[in-house]
Amino acid sequence: DATAATTHAVVHIGPHKTGTTSIQEWSRRLVTELREDGYEMPWTNVNVSEHSLSDGAIYTGWNAANFAHCFQRADYPLRTRYPCLPALARAGEEIAARRKSILISSEEFDRFTADAINELKRYLTAGWDKIAIVAYYRRYYDWLRSQHNQISKTKTSNITAALGIFRANRTERILRSPINVFLRRVSQNRDYNDTQRNFETMFSRTLAFKSAFPENLLIMNYYNTTTDLSQAFYCDAVPNARNACRAIREQIADDPVLANAGIHLVYEDIAYRAHRLGLINVRTQEHYYKALEMIRHHQEQTLGLSPYGFTLQCPGKPVLTYLLKKTLHYEKRMVPRFFKSSDGEKSLRADFRKQAKTSLCHVNVIKTVKTPTWRRFFESMKLDS
1 DATAATTHAV
11 VHIGPHKTGT
21 TSIQEWSRRL
31 VTELREDGYE
41 MPWTNVNVSE
51 HSLSDGAIYT
61 GWNAANFAHC
71 FQRADYPLRT
81 RYPCLPALAR
91 AGEEIAARRK
101 SILISSEEFD
111 RFTADAINEL
121 KRYLTAGWDK
131 IAIVAYYRRY
141 YDWLRSQHNQ
151 ISKTKTSNIT
161 AALGIFRANR
171 TERILRSPIN
181 VFLRRVSQNR
191 DYNDTQRNFE
201 TMFSRTLAFK
211 SAFPENLLIM
221 NYYNTTTDLS
231 QAFYCDAVPN
241 ARNACRAIRE
251 QIADDPVLAN
261 AGIHLVYEDI
271 AYRAHRLGLI
281 NVRTQEHYYK
291 ALEMIRHHQE
301 QTLGLSPYGF
311 TLQCPGKPVL
321 TYLLKKTLHY
331 EKRMVPRFFK
341 SSDGEKSLRA
351 DFRKQAKTSL
361 CHVNVIKTVK
371 TPTWRRFFES
381 MKLDS
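Numbering of the sequence shown is given in the working numbering, commencing with residue 1 and proceeding in unit increments.
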């Protein structure tokens with residue numbers, strides 16, 4: 001009897017910069033398979049055009065921010081930008097009334113107050129038989145690197161913005177600051193104290209969810225799986241999602257680039273610097289993508305080097321000491337059993353040593369493009385052919 005089947009409420013709470021966007025994008029792709037598995041999402045049952053939004057407000061769709069903010073207080077600041085849509089909460093109640101399971105994903109949950117968490121708990125307990133709160137854990141230094149990448153891409157979040165910077169020959173860089181400078185200021189609590197506070201907030205909110213849902217919180221560890229993180233979510237964190245799991249496995253296997261799309265930011269830096277020096281002339285979208293791909297191919301295929309095989313400026317010892325101490329503290333508290341395992345602290349220290357010489361370092365782009373090897377490369381680069 002379908003009506004007697006156990007129903008599940010799966011709430012993915014992020015936090016920010018832990019692959020949340022990818023999980024949400026897959027929820028859009030897997031709507032049919034999730035329905036076959038008994039899961040529905042409120043945004044699929046609401047026609048947002050029938051509901052008015054105030055000026056400047058944003059409807060986020062499969063990122064359930066408009067659902068999440070229904071549990072925050074009315075004076076919560078971000079409710080102005082991502083307003084509560086009561087129709088989404090009602091759609092969730094209708095899903096429960098039909099004895100269907102529900103899937104919700106939004107990184108806005110990582111900002112929930114204790115009152116909001118309790119409101120959400122009442123809502124979920126009233127509607128579904130079992131609750132699963134899913135949070136991802138990412139190491140502090142790794143999260144900072146991702147955060148810096150996000151800041152770096154702020155001005156070039158789309159091709160129009162990127163080309164605007166190239167065409168205007170602006171004197172300011174696409175990057176707000178090199179990553180080694182960013183990390184130093186974080187460690188000194190200068191300029192970037194909001195970054196540290198954001199991580200502390202996310203960390204404390206995850207622990208608050210753990211307190212409110214002591215038997216229901218599942219922490220998905222970035223470093224305890226060889227599976228694609230989105231695949232792990234639908235195959236391991238969402239109960240009985242057999243069709244969704246099979247579909248995501250097949251799609252990733254058919255097109256592995258789905259698991260890790262994009263091109264390394266350093267190649268955009270090099271293209272921009274070469275453009276500013278008059279070595280190349282990026283005028284069109286085709287030029288932009290072609291330049292980045294040609295630079296990547298030259299570095300990785302012709303020269304046989306990694307994206308970090310350039311002259312690097314790395315963080316100093318005081319910064320590295322600060323980052324490692326903070327990361328050890330967070331990991332020990334968030335995933336204590338894993339921390340004590342052979343894949344825990346020892347693995348963390350080994351990975352940190354590696355990143356301290358690569359991804360936590362700044363590529364000296366100016367020096368790179370002026371070397372004879374790269375100048376000859378740019379002289380031979382033909383973007384119009």
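If you are wondering where the hints come from, they were derived from the structure by calculation, not from laboratory data.
Careful: at least some of the hints might be erroneous.
Only pairs whose alpha carbons sit at most 35 Å apart, straight line, appear in this in silico DSBU-like list of lysine-lysine [stated by the list, open to error]:
{"id": "1", "residue 1": "K357", "residue 2": "K340"}
{"id": "2", "residue 1": "K357", "residue 2": "K367"}
{"id": "3", "residue 1": "K325", "residue 2": "K382"}
{"id": "4", "residue 1": "K340", "residue 2": "K130"}
{"id": "5", "residue 1": "K367", "residue 2": "K382"}
Verification of the hints:
1. Between K357 and K340, the direct Cα distance comes to roughly 25 Å. Compliance with the 35 Å bound is thereby established for this hinted pair.
2. With a C-alpha separation of about 18 Å, the suggested pair K357 and K367 falls inside the 35 Å cut-off, and the hint holds.
3. Of the pairs offered as hints, the one joining K325 and K382 is violated, with about 48 Å between alpha carbons and a cut-off of 35 Å exceeded.
4. Proposed proximity of K340 and K130 is supported: the alpha carbons are some 30 Å apart, at most 35 Å.
5. Between K367 and K382 the CA atoms are separated by roughly 22 Å; this keeps the pair inside 35 Å, and the hint holds.
Consistency with the previously given hints fails for number 3 only.
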